[in-house]
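K.L.:
Since the structure of chain A is already known, use the hints to place chain B on it.
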Amino acid sequence: MESIGVLMACPMSSYLEQELDKRFNLYRFWNFPQKNEFLTQHANSIRAVVGNAFAGADAELIDSLPKLEIVSSFSVGLDKIDLNKCKEKGIRVTNTPDVLTEDVADLAIGLMLAVLRRICECDRYVRKGLWKTGDFKLTSKFSGKSVGIIGLGRIGLAIAKRAEAFGCPISYHSRSEKPNTNYKYYSSLVELASNCQILVVACALTPETRHIVNREVMEALGPKGVLINIGRGPHVDEKELVSALLEGRLGGAGLDVFENEPEVPEQLFGLENVVLLPHVGSGTEETRKDMADLVLGNLEAHFLNKPLLTPVV
Amino acid sequence: MDQSEEQINLPELLVINPPPVFIVHQHQFSTKFKLLKAYESPLSTDLFLQTHAQSTKAIICYGKSPITSNILHLLPSLRLVVTASAGFNHIDLLECKQRGIAVVNTGDVLSEDTADTAVGLLIDVLRKISAGDRFVRSGNWVNKVQYPLGSRLGGRHVGIVGLGNIGLKVATRLEAFGCKISYNSRQKKTVPYNFYQNVCELALDCNILVICCTLTVQTHHVIDKDVLKALGKDGILINIARGPIVDEKELVKFLVEGEIAGAGLDVFENEPKVPQELISLDNVVLTPHKAAFTEEAFSDASQIVLANLEAFFSNKPLISPVIDV
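In the order they appear, the protein sequences are chains A and B.
So for the first sequence, the numbering used here puts the first residue at 78; every next one is plus one.
So for the second sequence, the numbering used here puts the first residue at -14; every next one is plus one.
Certain hints may be false.
What the hints assert, rightly or not - Listed below are the simulated DSS-like cross-link pairs for lysine-lysine, each with C-alpha atoms no more than 27 Å apart in a straight line: (1) B:K129 - A:K366; (2) A:K209 - B:K234; (3) B:K165 - A:K238.
Claimed, not checked - If you want the footprint, here are the derived chain B segments under chain A, 3+ residues with CB under 8 Å: (4) 104 to 110; (5) 136 to 146; (6) 157 to 165; (7) 247 to 260; (8) 271 to 278.
If you're looking for bench data, these hints aren't it; they were derived computationally from the structure.
Every residue, glycine too, gets a C-beta built ideally from N, C-alpha and C.
Here chain A stands alone, though its shape is the one from the complex (with noise of 0.2 Å):
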């Protein structure tokens, strides 16, 4: 398969870069500058891409590969494929759901305890030297707070598992209603957001759902709320949100994406009710190994003509 081209939308893994040097010819997007020049040179040649949650194969790129047969992405999320594009020209589409979904829930705990427990700001005042006894800001509890998610798929439901070994009360928002779950439902995301201490983004991002946590959905969730967004940045009205931060419309939020990553607004970096990470819901070695090695076996089985381990298109 040496001859096959692999196109690799950006850095995302060395072990997968690696592998994909081994088995194909692999093009390393970002190593071309003049993108047209590279298109124009080696379109022809590449019969795959496989791209992330920074970058992954648009209208452009598609139209500019006359070769593409599959993009496998290394991602659950599929905002950054032209999905309808691949269907209309028959590509193959592949990501990685299951392996990284109990890191992605463990993250979304891990930011809730770290914004009502402030740890990120305890930790800071400790290294600062400040600690003296007789000092005792006093925290917000986590456990038995009641917990609204946004999107209740597979995500969603490993964070209501989590959350309910603390004893917090689950509800959620979704497209529908879902069978077999107790879980209250919200058709309204508003009355979700007014009904739950803190408020947490597990839905895909699509059309119908970038800017869902809009300014009404933040006031709804008001100044004790916290908003915890392991999804997409463009989920929330980022401009928005740090208004209500800044003028404390809004308690605290824990945010792994933001809108235009790697940006993140610079006014949110003095505050202590916000904890800030790199898009890392996915980012421990184990996870990133499984989904690399289930792109790398999406790829092999479309090439050696076997049915695909995880295709969404």
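P.N.:
The following block gives chain B in isolation, referenced to the frame of chain A:
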């Protein structure tokens, strides 16, 4: 009856050093008790006790207000020690027992918050939450510095040292994350977890140790060089119990030399002193003994402290005795 006469009829409550719970909820205490505040007196503690507390029956204390045999000796009428904390290692229990003095703590009301802190610290260490937040705020993400990967929590074997109120809550929380739970405790319990007679053997089989036991003569430095070695290079230590349960000098050595993978610490041997070597490490998370410092915990703690005092002064059964008489 006027105000001052009412005051005179209130039972006395001695406070040598005010517990944080007491400070935050003081108004609830001042309406029910005649407060003897040794800390506000120009007299030395000993002199204050000798002058004002000879008929005092009850005292409220906490870790930084220890009840030593010396203090007990100066309080001939004392019948009740209340600590506004779960821990009671700062109280001379033997002396209290011999003198027929009852001791109460805050029972189970602080356990959830303490367990939450243990889990929060663990996820933070494994997934680099505090380190990641530092990274973002430093502007390094924009500068395309690669951020190192963390470690998966699910599937890990967690050893809980001390399966009491707090340890049990840590266990049930971590089970939901797919962790396997084992424990060491003074006695085997009826729980679906594997019991280890020996902390070292527990550490050998686990790669996460969470310290949840009381500090006693037996548990002092029980987490020593041998246990840390057994825990191993991929091991994580979480301590939300008491600093002296861990040999801090050895812990620092193991962390600095990379002989264990990381630690989440809420308590230290000489609070508020934290070993300087830890300050520059990215694989530790340090909090200033705040595992139970939430609004809710303090509110519940003051309620149970008051309930115990009320029970004591009306000759009813104590709510959360450590020593009952």
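K.L.:
Compare the structure with the hints numbered earlier in the document and write down the numbers of the violated ones, lowest to highest.
P.N.:
none
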